[in-house]
Amino acid sequence: MTTSDIASAEALLEPVMRRTPVVASRILSDLTGHEVRLKCENLQRTGSFKPRGAYNRVARLDADQRARGVVAASAGNHAQGVAWAASQVGITSTVFMPVGVSLPKLVATKAYGATVHLVGNTVDEALTSAREFADRTGATLIHPFDHLD
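Number 742 in the numbering used here belongs to position 52 of the sequence shown; there are no gaps in the numbering.
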């Protein structure tokens, strides 16, 4: 990854992401003996930083990839990020989530437009199903962490 890649991502994300504040934490600063500041990504779209990476990846798909949609596996934040990002560019998203996923995460992912499949007991099992879905349908797998975007 280069500084050019970072600048490109920043330019792509700037119009669609919220600018979240950085705030000082007196308690953490006192505990560590160093100034600690917190980036408030809980105020970002979907409540986490995950839409940043998801949108950066989804928005760069070519027309053929967009036509086949995207697929992801997650127990929550990444699922919501991918579903939100796909809705922003007008493509379909399919998300595989573990059976025991929290109801608010499931409802939010569906509300952002994803088709959700509950499979397995772990994110790894859901990821296996997502990979199989990608192989079968040609959808682009948006991995929760193993990609430069």
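Hint data in this document are derived by calculation from the structure and do not stem from the laboratory.
In this text, all values refer to a predicted model and were calculated from it rather than measured experimentally.
A portion of the hints provided could be inaccurate.
As the list claims (entries may be wrong) - For each label pair, taking beta carbons as the anchor points, the in silico distance ranges come out as:
no.	residue 1	residue 2	range
1	R758	L721	45 to 55 angstroms
2	G790	L733	46 to 56 angstroms
3	S777	E704	39 to 49 angstroms
4	V726	E700	39 to 49 angstroms
5	I717	G828	43 to 53 angstroms
6	E725	D825	18 to 28 angstroms
7	L703	A757	32 to 42 angstroms
8	T812	C730	44 to 54 angstroms
9	G737	V779	12 to 22 angstroms
10	V797	T693	37 to 47 angstroms
11	K800	V726	34 to 44 angstroms
12	Q755	L718	20 to 30 angstroms
We put the CB at the ideal spot given by N, CA and C, even for glycine.
Hints versus structure:
1. At roughly 49 angstroms, the beta-carbon separation of R758 and L721 lies within the given 45 to 55 angstroms, and the hint holds.
2. Range check, G790 to L733: Cβ separation about 28 angstroms, and the 46 to 56 angstroms hint is violated.
3. In this structure the supplied range 39 to 49 angstroms is violated for S777 paired with E704, their Cβ-Cβ distance being about 19 angstroms.
4. For V726 and E700, the Cβ-Cβ distance of about 24 angstroms falls outside the hinted range of 39 to 49 angstroms, so the restraint is violated.
5. For the pair I717 and G828, the supplied restraint of 43 to 53 angstroms holds, since their beta-carbon distance comes to about 50 angstroms.
6. A C-beta distance of roughly 48 angstroms is found between E725 and D825, which places it outside the suggested range of 18 to 28 angstroms.
7. At about 23 angstroms, the beta-carbon gap between L703 and A757 misses the expected band of 32 to 42 angstroms.
8. Checking the proposed 44 to 54 angstroms range against T812 and C730 shows it is violated: the Cβ atoms sit about 30 angstroms from each other.
9. Checked against the hint of 12 to 22 angstroms, the pair G737 and V779 passes, with Cβ atoms roughly 20 angstroms apart.
10. In this structure the supplied range 37 to 47 angstroms holds for V797 paired with T693, their Cβ-Cβ distance being about 39 angstroms.
11. The supplied range of 34 to 44 angstroms is met by K800 and V726, whose beta-carbon atoms lie about 36 angstroms from each other.
12. At about 42 angstroms, the CB distance of Q755 to L718 disagrees with the hint of 20 to 30 angstroms.
Checked against the numbered hints above, the structure violates hints 2, 3, 4, 6, 7, 8 and 12; every other hint is satisfied.
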